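On the provided structure of chain A, position chain B as indicated by the hints.
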Amino acid sequence: MSGDALTAAAHPADGTPWQVLEGIDPDNAKFPALARVGDDRILVLRIGDGFRGVERSCPHQQRSLHDAFLQGGNTMIRCRWHNYVFRLNDGKAVNCPGFKLKVFEVKREEKVLLARPVT
Amino acid sequence: MKSPAPILLKGAHVIDPAQGIDGIEDIALENGKIRPVEGLPSDVETIDVTDSYLTPGWIDIHVHVYGTLGFADPDSIGVCQGVTSYVEAGGPGIGTLDEFLALLGSGLKTALFAGPYIRPLGILGLNFIESDVRTLTNIPIADWLDFKKAHPGLLRYIKVGAFSGYGYGPTKIGKGLAEVLDLPLYAHIGEHQLQPGNQSAYEIYRVSEAGDIVTHIYHGNECGILDKEGRILPVVQEAKNRGVLFDVGFGGFNFSWRVAERAWAQGFFPDIISSDLQQFNVAGPAYSLANVMTCFMKLGMSLQDAVEKVTSAPAKALRMTDIAGSLKPGLPADVTVFRLDRGAYTLTDTANHTRPYDQRITPIMAFKSGERIDCDMQRCQDEKNWLIQIADDHEPEGVARLTAAQRSFLGALAGKLAPINWDEFSVSTLDYDKSLVLQAAFHQARQEQNIPLRDALIAVFDLFLDHRFTMQIGLFLLRLDRTFALDRMRKVASTQRMVA
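Chains A and B, in that order, give the protein sequences. My numbering numbers the first residue of the first sequence as 35 and each following residue consecutively. My numbering numbers the first residue of the second sequence as 10 and each following residue consecutively.
Please keep in mind that the hints were generated in silico from the structure rather than gathered at the bench. Misleading hints may appear alongside valid ones.
Unchecked claim - In silico lysine-lysine, DSS-like type, Cα no more than 30 Å apart, as pairs: (1) A:126 <-> B:181; (2) A:64 <-> A:141; (3) B:500 <-> A:136; (4) A:134 <-> B:443; (5) B:118 <-> B:393; (6) A:136 <-> A:126; (7) B:393 <-> A:126; (8) A:136 <-> B:443; (9) B:118 <-> A:126.
Unchecked claim - Here are a few chain A residues that face chain B, going by a calculated C-beta distance under 8 Å: (10) 105; (11) 106; (12) 107; (13) 128; (14) 133; (15) 136.
Quick caveat: nothing in here was measured; it's all calculated off a predicted structure. Where a beta carbon is used, it is the ideal one built from N, C-alpha and C, also for glycine.
With the rest of the complex left out, here is chain A (with noise of 0.2 Å):
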């Protein structure tokens, strides 16, 4: 699945602002990427052509992301520590009935990344 196509998939946050992710460049940063989108502190994967943002930690065990695998044509991800999966497009649990993961749609936009919050 391609970035673009994630993106489609996911629920619109219509009326959340685009926020600028300082200090990522989109073409040389190394992914994961390490950055905050208001009072969250998240990830930035690069997924075929796209990018997208999960919270940093999974929330079984608060352990981090940073080397989790993505799942399922690249749908979902899996928390390395106790194969905990997640959707991608909205953050639903898959395994693991009851926990939620926060995903963020971001965005290119010439140089810089834009993310928002998937509601």
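Same frame as chain A, now just chain B:
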């Protein structure tokens, strides 16, 4: 296929601790049993296993193939990995053993035994209320006794979580039930889901007797086997001295290199090696029983001892030396053949700490009651095997296979569930009692429709899952979105009516 004709396995280094065998020998199988090599016909089918090791079929006393932690393809962690017998560690309880048997009582190549949990529903998984004494609901002694009598040899131990927010009562209840049933108590002392400072786990060392088993012994969480200075706690050592057995239960949370190395340095060794393979550790760091055995060789265990702890030791502990754990003629022809590979490997514990090692145990072939299975260590890694996904955006292929009776049942089930409300599945507020209500509704619909339990269970799983996982029906229904679930049941049932 199982061959009644004799087979000669030739040239392997045989390790059979129960018989004191450790050297190059030939082993013969016939009619599903081990047989003497003497007297074989001259044209016997011969398999050359030179440069391999050959042992009794491995026994993993702690796996999860049923329930919220289980697999879609249970043999993938069994015979496909050289494990010819395993024990489901707590997935079902007395309230779900019928479901467990209906789904997994036949059809597997691996011999499956049960170590049920004292809670009627079995292990809940994912949620942090395993320690809630209220989820024990009741302990129907008569049902337990009747079940054991009706299914001789199936139950191998009673599992209890050695933790409680209610003092030592649950631990003692578990021990009492095990005593009534004349089974070993099998106690989880790993990740114990309690507030820091709760010391209830240590009661298990005082309650357990010789032959009872403690699992997850090298975990690095609260209430471990070491004191703050890294010494084995006296209460733990005293239990070992009087014959309580200590089992690895690697798990997803419960093996720490730091703890294992410190224990090893003090001569505190495991009696049994088990994997605790489940959905949440099979893709790492546990991988396989072979990998866990390799971890113990890294600690300093000999290959011979590692084999003993997955063959004769568990067979003795689970009172199954008459059916497994040795290559004595007359026993079932359960055999594991493996290589000891050399290379640069990394062994990872459940806290993501690693150790390098230059050897690796690699199963290559198993025989189960004489049937040959070529090992495939990657089969279990398939996402379809461990990633349970509700097919909420499409109908699974299994829907097309539903019979008229199953479709009618689903319609009836929707009717039974309609008056019951349940909320979105929540980590913090799992509604345990509601899962019992849903289970009861399921059984009521099933009985009214007069449909076999297996058919009814499979109807539900095939309606919502692309790959057939098996779990407690009450918990499965609880994790479905109510509106979505009822709509799909009704739709499938109405499709049947239109066809009819």
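query: Taking each numbered hint in turn, which are not upheld by the structure, reported in ascending numerical order?
result: Violated hints: 1, 3, 9, 12, 15; rest satisfied.
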